[in-house]
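Student: Using the supplied hints, reconstruct the complex from the two chains, each of which is provided in its own coordinate frame.
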Amino acid sequence: MPPEQQTPQPRPEAAAHRSETAPRWTERLHGLGPVIGLVLLCIAGTLLNGDFATVDNAMNVLTRTAFIGIIAVGMCFVIISGGIDLSVGSMAALIAGSVIMFINWAGPASGSPLLAVVMGAVLAVVLGAVFGLAHGLLITKGRIEPFIVTLGTLGIFRAYLTYFADGGALTLDNELSDLYAPVYYASLAGIPVPVWVFVIVAIVGGLILNRTAYGRYVQAIGSNEQVARYAAVDVDRVKILTYVLLGVCVGIATLLYVPRLGSASPTTGLLWELEAIAAVIVGGTALKGGAGSITGTVVGAVLLSVISNILNLTSIISVYLNAAVQGFVIIIVAFLQRGRR
Amino acid sequence: MGGKGSVAVEFDGIVKAFGPVQVLHGVSFALAPGHVYGLLGENGAGKSTLMKILSGYESATGGALKINGQPRQFASSRDAEALGIVLIHQEFNLAEDLNVAQNIFLGHEKKKGWLLDDAAMERDAASALAAVGLNIDPRTKVRKLIVAEKQLVEIAKSIARRARLLVMDEPTATLTPGETERLFKLIAQLRADGVTIVYISHKLDEVEQVTDEVIVMRDGRFVARAPTADVTRQQMANLMVGRELADLYPPRDAVTTSGEPAMRVQGFSVPGWAQDASFEVRPGEILGFAGLVGAGRTELFEGLLGLRPASGGSVEMLGKPVPHGKGWRNPRDAARHGLTYLSEDRKGKGLHVNFGLRQNLTLMALERYAQPWLKPEAERSALAEAVKDYGIRTGSLDVKASSLSGGNQQKLALAKVLQPRPKVVVLDEPTRGVDVGAKRDIYFLIQRLAREGLAVIVVSSELMELIGLCHRVAVMRAGKLVATLDAEHLTEEELIAHATGTADTTAAA
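Chains A and B, in that order, give the protein sequences.
Using our numbering, read the first sequence as starting at 1 and increasing by one per residue.
Using our numbering, read the second sequence as starting at 1 and increasing by one per residue.
In short, the hints are calculated from the structure, not lab data.
On a predicted model such as this, the values are computed, not experimentally measured, just so you know.
The beta carbon of each residue, even a glycine, is placed where N, CA and C say it ideally should be.
Heads up, some of the hints might be wrong.
Here are a few chain B residues that sit away from chain A, every Cβ distance over 10 Å (derived from the structure) [stated by the list, open to error]:
{"no.": "1", "residue": "R123"}
{"no.": "2", "residue": "F184"}
{"no.": "3", "residue": "Q234"}
{"no.": "4", "residue": "D253"}
{"no.": "5", "residue": "E280"}
{"no.": "6", "residue": "I467"}
Distance condition first, Cα-Cα at most 30 Å in a straight line; then the derived DSSO-like pairs of lysine-lysine [to be verified]:
{"no.": "7", "chain 1": "A", "residue 1": "K288", "chain 2": "B", "residue 2": "K347"}
{"no.": "8", "chain 1": "B", "residue 1": "K326", "chain 2": "B", "residue 2": "K150"}
{"no.": "9", "chain 1": "B", "residue 1": "K144", "chain 2": "A", "residue 2": "K288"}
Derived coverage of chain A by chain B (criterion: at least 3 residues anywhere in the stretch with Cβ under 8 Å from a Cβ of chain B; other residues may be distant) [what the hints assert, rightly or not]:
{"no.": "10", "segment": "206-212"}
{"no.": "11", "segment": "222-236"}
So that you can see chain B by itself, here it is in the shape it has in the complex (with noise of 0.2 Å):
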């Protein structure tokens, strides 16, 4: 590495605007070299777009970039990579049927004469691989990679095309605990070769231990900076937020314990992915599901749901027995029976983006509004029901899901799986990049669902929305339940003890 020197940046009053609407107020702050930088603010504060401009995928409106004192308008991102500034995207680009070193070369191949030089991309992707922790061949395809491997071959393609400023967006929404650890060590061993690295995230506990300073946006405008260790976690999300935020969760309720229970699941396996999972959640209760990634808690209920093969297990539903035993046949007859799931990947399978959001919410519920013919009145009355119980921001009723903010298309999302009136619900990873305050209102709509007697279940990896939320929680590792702690019980470390393996004397319940 090395060769390039540092990388200084100077945003002076960078304006961004899309057609009429303006996105970024003239923001000026300076990022030093050598430093790791929080980057905060609520989804539309406009972090993501000033990136895009750093990183040459955007272009301002008005105001002036200065890399190293210079003023640059990069005409695109290869502009900005030949300068040693690489954006790291929160949905990875990487062409899934290509090799790791096909990859973190692609469009910079290395040739000898017309062909290209496999041997030295190879070599070279293995050293960036060895400097990331990634023990893998460098012929192996990308598509056999699992998620976090494929987030550290980003970051040793980034390497590899020797960057001097990083930027990473989200980086540890889709790891595991362990994956953090190992991304925040070669933070650290980045930052001590020179590297500036600009970190965003939700995750303000992740802030306060990797970054040295962090900047706070609201609104497209810059709005604070402070040495991390000088800001807490609260005083952070007030700056994001803009106003004081009350406790993030709401107090829990007693749950009655006596009452049959809403669910209740026995010996439930699918193959390759969940064996013998028994468990069941009572009317009022919020019932959290703990794990690493890949420990089959979103496969399992995958499987209840008739969406994966299952195999064996009993399920009941408020006493009375499905059918066949081994859950339902499809989300259609598992939501006839009062189950509806809301899956954690939004725009792939929670919500029609492209969709109205009437047509969104009802989707579920429709044979409520046709009789035989659909009713849009009776829908859109709904609509505005929905809008007004979850609290959805929107400016009309009129348009596309896709042009609201992630926080309030969960809310949507949320609206539409509670269309149908279930009995239980499965909210899976409910809040995954969402900002501070949709957080919150999703955590008390949880609440007042339980309230309402609803059973919840919270699939999450987020170990602290666990603890705040739930009654109780179970904890999946590789494909097994292993251990359901209640109330007293719940704290991170006891969590991640029995998510990893490391603690199976104390199994509670």
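So that you can see chain A by itself, here it is in the shape it has in the complex (with noise of 0.2 Å):
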């Protein structure tokens, strides 16, 4: 027999160190994907349209996906968790309106519109997290599944905002409006409020994701919901969390999109969750959880609506096309996605 006393078995270890390198670099590669994409789409607008690459534009597009990008960057807690949200639009319109006729009823009555403006602000945000807290308590304690408990949502949500605006339009009062209206279209040297908004919340988010044990945990479960559980993760908790810290950042969108228009009707935040799921997508995040990132999460959200701005900015494809092509652009990169795993 040959003298190889200590390591009986070199070879599976060269396989398993030389196999490892490659997917890595390809890895890198993935992860690069969507930024080329930007990259690429952001010369196709310059080449056809000139008013595409000017800093209006760019803060104007900017401004448009902070909506979105806040809710995707809570979409990513929850499918890298292994879950879904389908509710986020029409929880939104559901959170504007509730906003609207609280600032419009707590301006005159407690006789300070500053006070009623901020007030309706901190309850976009709690009537977010108590939405998430609600779905998180039904998926985890419940046992319904993520897709049909927020899927009957969607439908709820929106129907009791129908209701409140009597199926037509919830305004926001002229003066009050006024008073809000800095909200979205102040800026903080040169860059409007919205998009500071936006990247606070991508940073925060990033922070929680990859460097607490919060954020490990949530990869944790969607790689391996039983491993994590067998190795002593409080699952429930850390899943009910993402749905709270996803309707924390529907709250955050929505008080910052409410004036902008000073009204909620049916229509409004009508398929963000499609724009909101895509840019996670987009962003490299498997649909089946356990891996993604935040960076790439902004990075979709920008390109979709880069897409939106080309398309409006130019007649190539009709801006009623708009959702077509995010719909087409969401089951491209899945394909390719695919196998990945």
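Tutor: Here it is, written out as structure tokens:
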């Protein structure tokens, strides 16, 4: 026998080592995919229309991205943990309507319009958290599929908004609307407020996901829930928190959105769930959970609004097909992701 | 059966490479028809790859595979099956929601015109089931079968397809001794019918019992072959490992029996699985749990950890009662009080195979690395330490757990459940699917942990392992803890007698 005393299995190790370097290289390339896509789109946009590559337009695109982007950051947590939330658009609409009704009532009632607006903003976040908590409890303690729970609330939330608005629109009173407007329209250091908020939410989200025990648990649950459970992870609590986090994100997005039009109608937030989920998936997060990145999600969200911006600026494809283009993008990306694991 | 004659196989310089990695380096040997061959080798020796080439799941990169003297290249397992070569996988390939007959004929359905001929399929399935001695209705859903029955259905499936060469990969991993006996009878019967059998197992006593000849592979090469009667188990093990294998088990330490128990469980029940179980384990003691598959051992501990609803009983940890009696609320609660558990199902419940080694290692003790931000450097140095302490062999620290061999995955899983620094650790089948070398490492590791004062509970279906390793062994049968045997009473016969309920007279302690 050959004298290979200490290392009876050198081969499998060498194999493991070698086969591991290749996927890492391609993984990095996969991570860059959305960025490359975004760069290509921007080049195309610049070539198609001179107005595309202006600071004004860039700020416009980013401001519009902010709502979806903020929601997508929350959605990223839910999807990585292996869940899904289809209700975010309806939830945003109902929160918007509730906040408007509240401010309209609290303004005259409290005598301080500013206080009313501030309390309205807080209410938006609280409502989001409560809705998220309800989702989380139904999904974990009630043991109902997240798809079913949020499909149900998708209908419920929007129906209640329609009911409160009596089929029309809920509109913020003029004086209060003027007071609230800066939250959407003002700029700090030349950058609109919603963009600042988006950046902060993304940074905080990234820190939570990658640098806290909670973030690791979210990934562990999405990768294999049983293993996480056996490894003493409080699976239910972690999952509930992902929905609460998403609800809070929806609340923040909504409180930024309300002053934009100063009203909420049955079409408010329509298809936001499509855009938010698409942003997460385009950003490279696997729909079955386990792994994903906030950076990718942010890039995905920007990429989607760049597409719709280009559609607006040019006339190659009708603006009415915006959602169709997003739909195609999500399917194509899912196709490219296939078999990666 | 019969009909197709016998199958003689010759491997001639078979080479297989996955990308740049070569796993088979020119393997040559021949199999004569009607013999039972034990194919031995450590994990990663290339046994499974070679058998997959034989049965059409992989194709060789080089060399020739000759069946009855003719060179063959199988494009799929169907081609191999057409010649009567069938591989029974370690993990079963049964569609759980279909019934037994539907599974047996899956992909080979009998038809009457356009429609399925269920009657004929059920009839033939029934005769195949009778041949393997499985007495169930062929219309039973596979989901309802226990593991051993699924195993027999797999064999019945190959019989229904008129297999002339059967490859069995670790067929007894999930079987009880009684079921194993039945399988061995079936193997003898198939052999008498002229079927060639390749039997892959880590259990050398079984190989000794059931095979005519052993063939040993190591590092992708053929090493040796010999009639089973001419080699001892020790020689087999030495051939596999490629070095003299010192005694598999560490010398047994004395345990001080006077100390306060680390954990005391009294009258604990898990409805449907375990009734009224009482036992205690001391610091530094290795307590074994023996029993047949389904005796309720795993379920008892899952109940203690709050993974299953438990009823009644009381649990004390280091003299202090657990707050609400019926075990812990969840594994987190248990870990906080000093009890951790390593599942028998490594891939499904033990490790995140898609995660890195570092993330796996620290998952149960993340609080220590997060204040509040995680410190990857601290995690990395913990991993480096664990790799050294537990002898985890890996090329790099930054790989995924899936790239480790089974034995090294198991060592990582072991390191993981010890991260929270428990007082009592439950290891459920700690050496399942692990090669001899790694087994020995794990045994010595367990002993070291006990020496350091940890109370270790080992649940195992391998009696030799319990006898070689444990200070005391508790035996469960049908949900009841029927006996606890101490070192003097630890024999294979005694354990089997209690586990099967054939000896109720000598219940010790």
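Student: Would you pick out the hints that fail for this structure and give their numbers low to high?
Tutor: Hint check: 8 fails alone, others pass.
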